[in-house]
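The hints should help you fit chains S, P, D, X and L onto chain U, whose structure is shown.
Chains as they are written, first to last, in our numbering: chain U, 65 to 176; chain S, 65 to 176; chain P, 65 to 176; chain D, 65 to 176; chain X, 65 to 176; chain L, 65 to 176.
The hints are simulated quantities; they were obtained by calculation from the structure and are not laboratory data. Being a predicted model, the structure only gives us computed values, none of them experimental. It is possible that part of the hints are untrue.
If several chains are the same, the list does not tell them apart, and a pair holds so long as it fits within one copy or across any two.
[Stated by the list, open to error] Distance condition first, Cα-Cα at most 20 Å in a straight line; then the derived EDC-like pairs of lysine to aspartate or glutamate:
#1 Lys136 x Asp87
#2 Lys137 x Glu105
#3 Lys109 x Glu138
#4 Lys102 x Asp87
Protein chains: 6
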Amino acid sequence: MNKAEEFFARRAHQNDILLDRADLSVKRFFALDNTVYKEGEIPAKYKELLGLVASTVLRCDDCITYHILQAKKEGASYAEIEETLAIALSVGGSITIPHLRTAFDFLETLRN
Amino acid sequence: MNKAEEFFARRAHQNDILLDRADLSVKRFFALDNTVYKEGEIPAKYKELLGLVASTVLRCDDCITYHILQAKKEGASYAEIEETLAIALSVGGSITIPHLRTAFDFLETLRN
Amino acid sequence: MNKAEEFFARRAHQNDILLDRADLSVKRFFALDNTVYKEGEIPAKYKELLGLVASTVLRCDDCITYHILQAKKEGASYAEIEETLAIALSVGGSITIPHLRTAFDFLETLRN
Amino acid sequence: MNKAEEFFARRAHQNDILLDRADLSVKRFFALDNTVYKEGEIPAKYKELLGLVASTVLRCDDCITYHILQAKKEGASYAEIEETLAIALSVGGSITIPHLRTAFDFLETLRN
Amino acid sequence: MNKAEEFFARRAHQNDILLDRADLSVKRFFALDNTVYKEGEIPAKYKELLGLVASTVLRCDDCITYHILQAKKEGASYAEIEETLAIALSVGGSITIPHLRTAFDFLETLRN
Amino acid sequence: MNKAEEFFARRAHQNDILLDRADLSVKRFFALDNTVYKEGEIPAKYKELLGLVASTVLRCDDCITYHILQAKKEGASYAEIEETLAIALSVGGSITIPHLRTAFDFLETLRN
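Isolated chain U (complex conformation) (with noise of 0.2 Å):
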């Protein structure tokens, strides 16, 4: 398995073991927080993006991984990432760039 599948089977995983013992409520958020990303009045892969710079402001890794294996799913090219980043960047600041550092790890090795 390589890095993105690794991700996506754990987080498989654990969300079987939460959606097994969560109620109605907290499935059905689920299910909305699927749906706004879905292809709209904006593209898909600008939605990933925008999944993306939100993650990053509010300094979450692991949803940073998420948002830049569905953005690459999507179509998105490392420059267009790398541009949401540095908006992220200025937006949130100098805070952010232990994630920015993570993430641009990741990238790498998604390049390699």
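For chains S, P, D, X and L alone, kept in the frame of chain U given last:
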């Protein structure tokens, strides 16, 4: 003056006071913060929507108003702005709702 | 109209504008956000206090006012609301104090 | 030692180092932070759930684990803890999901 | 009354209401929060600047105003306050800019 | 290599990857973020303590470690660092405690 002109006039006035007094690093930050929204691999319209989603999850009304107006200037439709706000709500949760109310009120004003 | 009626009237008006324009996912989120506070294993009164402490540590005045009024409706005493705010202050620190001031002012209005 | 005992042992060890060096104001803060969770108008069980929802929306895994264990000690059921996490998810949005995953994993460990 | 006197008068009035109703733990927190800014190994002036930078990255206008006035009382120069705000901007990013505008406006009022 | 040397080596390595790929605006941000901590009206030592308190209330362990090491380089005593952390705890509340534990552990390592 309409709502948008008022907003930009007040903003320009406050920035003048700030930049008149602020030291070089602050001036440079302001310049940098303009640069990241410039047309690049990602079109300027989507960059403003990236700014909008980041501002909404971080719950800054002033920043939300600014990026809505900039997104409109760059050709974003109301539907695109509303899809962006829907992503912000899903990522940021119900604590963002008061800011969504303000945003939708402002959008209604722009429509009229 | 008293303070509480005014608050709910303004809120209802703003929600009407928002929900009139918002897409399906936003409407669903609003429905979901109502569901989680319904009587369950945890009585509705304590669920509103959970909403109150979350709103206070996240520093949202509008949400604080809402959950205070809902908690009162569900039978919470002033002492219970004040103990909830004391927990919020300890978890969230002195940065929450301006919001506690607003909350205690509002509670004083309700008492009179 | 089971998971809960391990957690409290590690925590006690770290607190010892901290409180050995920290000045009087830090020691007082620690004492104060214990006080607010004591049985009062609100029973201790619900106070721990208040601590849990605050910890979840503020996204602190260590604090989540602590308040889950304390809530269990005070007699909270799994269903009550899960309803509390559902409120946290609704208030705090999808950015809290990685912390919910960790919380549900931990609850699964406690059940076994 | 000048701006600073007005600010402290309003603050004192609100604190009176709060402390009249609040329980012992809240009163103790207020006492504690005063203690940490007292002259120690770090001179009081720099402690107020520490309070100012923390308030700015956490984006609390009321707290920013308070620590600016306290820093002035302890002998901080405008340049020292502005350097502190420059650090806050770099750490916290452009989302802090609306609060910097308010801070620089307030500093301008103090100068006149 | 001691703890401090390890930290700076890892940091330099990650920054190299990031800055190799990042666009001009990110490089400029990094340069800017160095500038604000340079000796000015406020001595460099206190500027590092300003960085430390901001990092602590924003709960970034990596940033806390960095500013502790920089503050030591600029001549800060352990007592000054501990007073800074006490202010962070009061402003940011008990949610910062896990980060204080990590900070005090790290300080203990430096002492030995």
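Right, here's what the structure says about each hint:
no., hint, verdict
1, Lys136 x Asp87, "between (32 Å within a copy, 19 Å between copies)"
2, Lys137 x Glu105, "both (19 Å within a copy, 17 Å between copies)"
3, Lys109 x Glu138, "both (5 Å within a copy, 19 Å between copies)"
4, Lys102 x Asp87, "between (24 Å within a copy, 13 Å between copies)"
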